[in-house]
Amino acid sequence: MKDAVHLFRFAGLFVIAFIVFLVVRGYVVPKSFGEYGHYRAAAIGEIAALPVKFAGHDACESCHTDIADTKLKGKHAHVNCEACHGALAVHAIDPTALTPTKPDTAVLCIRCHTATAAKPKDFPQVDPADHSGGAPCQTCHNPHSPAFDQGPAAAPAAGGAK
Amino acid sequence: MNISRRHLLVLLPAAAVAWKFVHAGTPEDSPNYQMSEHWWGMLIDIPKCIGCGNCVRACQTENDVPDGFFRTWVERYNVSDENMTTPTVISPDGGKEGFPIATEDGEKYFFVPKMCNHCADSPCTQVCPVGATFISPDGVVLIDQKYCLGCAYCVQACPYGCRYIHPEKKVADKCTLCYHRITKGLTTACCEACPTGARQLADLKNPKDPIHNFLKTHAVQVLKPQMATGAKAFYNGLDGSVR
Numbered sequence: 005m006k007d008a009v010h011l012f013r014f015a016g017l018f019v020i021a022f023i024v025f026l027v028v029r030g031y032v033v034p035k036s037f038g039e040y041g042h043y044r045a046a047a048i049g050e051i052a053a054l055p056v057k058f059a060g061h062d063a064c065e066s067c068h069t070d071i072a073d074t075k076l077k078g079k080h081a082h083v084n085c086e087a088c089h090g091a092l093a094v095h096a097i098d099p100t101a102l103t104p105t106k107p108d109t110a111v112l113c114i115r116c117h118t119a120t121a122a123k124p125k126d127f128p129q130v131d132p133a134d135h136s137g138g139a140p141c142q143t144c145h146n147p148h149s150p151a152f153d154q155g156p157a158a159a160p161a162a163g164g165a166k
Numbered sequence: 015m016n017i018s019r020r021h022l023l024v025l026l027p028a029a030a031v032a033w034k035f036v037h038a039g040t041p042e043d044s045p046n047y048q049m050s051e052h053w054w055g056m057l058i059d060i061p062k063c064i065g066c067g068n069c070v071r072a073c074q075t076e077n078d079v080p081d082g083f084f085r086t087w088v089e090r091y092n093v094s095d096e097n098m099t100t101p102t103v104i105s106p107d108g109g110k111e112g113f114p115i116a117t118e119d120g121e122k123y124f125f126v127p128k129m130c131n132h133c134a135d136s137p138c139t140q141v142c143p144v145g146a147t148f149i150s151p152d153g154v155v156l157i158d159q160k161y162c163l164g165c166a167y168c169v170q171a172c173p174y175g176c177r178y179i180h181p182e183k184k185v186a187d188k189c190t191l192c193y194h195r196i197t198k199g200l201t202t203a204c205c206e207a208c209p210t211g212a213r214q215l216a217d218l219k220n221p222k223d224p225i226h227n228f229l230k231t232h233a234v235q236v237l238k239p240q241m242a243t244g245a246k247a248f249y250n251g252l253d254g255s256v257r
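These protein sequence lines are chains A and B, in that order.
For the first sequence, our numbering assigns the number 5 to the initial residue and increments by one for each residue that follows.
For the second sequence, our numbering assigns the number 15 to the initial residue and increments by one for each residue that follows.
Just so you know, these hints were derived from the structure itself, not from any lab.
Idealized CB from N, CA, C, for every residue including glycine.
Worth double-checking, as some hints may not be accurate.
Unchecked claim - Quick look at which bits of chain B chain A covers, simulated, 3 or more residues with Cβ under 8 Å:
1. 63-75
2. 123-132
3. 142-151
4. 191-198
5. 201-212
To be verified - Just a few of them, taken from the derived set where beta-carbon distance is under 10 Å, the chain A residues facing chain B:
6. Tyr40
7. Gly41
8. Tyr43
9. Arg44
10. Ala53
11. Ala59
12. Ala87
13. Gly90
14. Thr103
15. Ala122
16. Ser149
Required output: the full structure, derived from the provided sequences and hints.
Here you go:
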């Protein structure tokens, strides 16, 4: 029977190793791991807390009501403000923190409206050089409501405007 | 400063709206968001895409995506009548600055915006050895970048090529479906910036979302359906040549 002490020592070693394992595991495994699945649930909140850069058109329209009204009546009703003006959450939170610069229509308009065979046929597209002869788009079109009757100056259509 | 009653009445609602946006900062401040009430996806309407690259630029701005890497990108397909199975596909710089002008009228062209499909049975989350990537309870495939080892198993596993190793952080990176925006009631940056409505965020658990009516009335397809990934990026008007 006195040989049994070897077994008890051995069993004790196992128990100690198991306790050490549990303690180390408690420290190493993050608190929220396994809350929803085999991952750290806290990561969801961390990703959700990242800062927003595009304010969203509701934020723009809550102040710029006049432009929103103009836009709503025109062909660009469904083009959101920041699609052209860029990310402006900084401005939406504090209008004095950042004054948005006016987009260059020479770059902006042709990005969407340059004629190419690859675009859907019903989308209005023009050959910019042929269409305006180098004149900036806003000479004839109001970008917020680009149809002629609402433009700053009524002008006859030139080139291949659809 | 003198404010008349009339001016005060005008200013108060505007101030209230502004205050709401100021305080939509962190999830604690948007307590109305319940993960169990949402199941997110995306609708991509190919006949509406004009290949302007607004979505690609918006995504890079919103999510600080490094140059040369893409969480979303746009491909231009050119399919010939004779050989439908081998289309000519281009995506210069992800379509970020648009596409070269196509002059050959009469050929079949279309644009395909691509992004993470936020698969319900995603292969990428299954291969992660440490549990650093996962499907959130509201159906968004996310990466825990503090936990990721950068082994890139997931980059290889994604059948859609939507993941990359971030060149500075050395961990996996991908589209989060703008999780930091959708949890605050905003739409994704790409949807916000799309001028034609070719991309629309869809909440499949919200009975009022127009996605339900759209899916019922249109022939909609997902990419690589044979892989049974449960993809939730629904493509309207998807051509058979798209891979």
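Which hint numbers does the structure go against, in order from smallest to largest? 14 and 16
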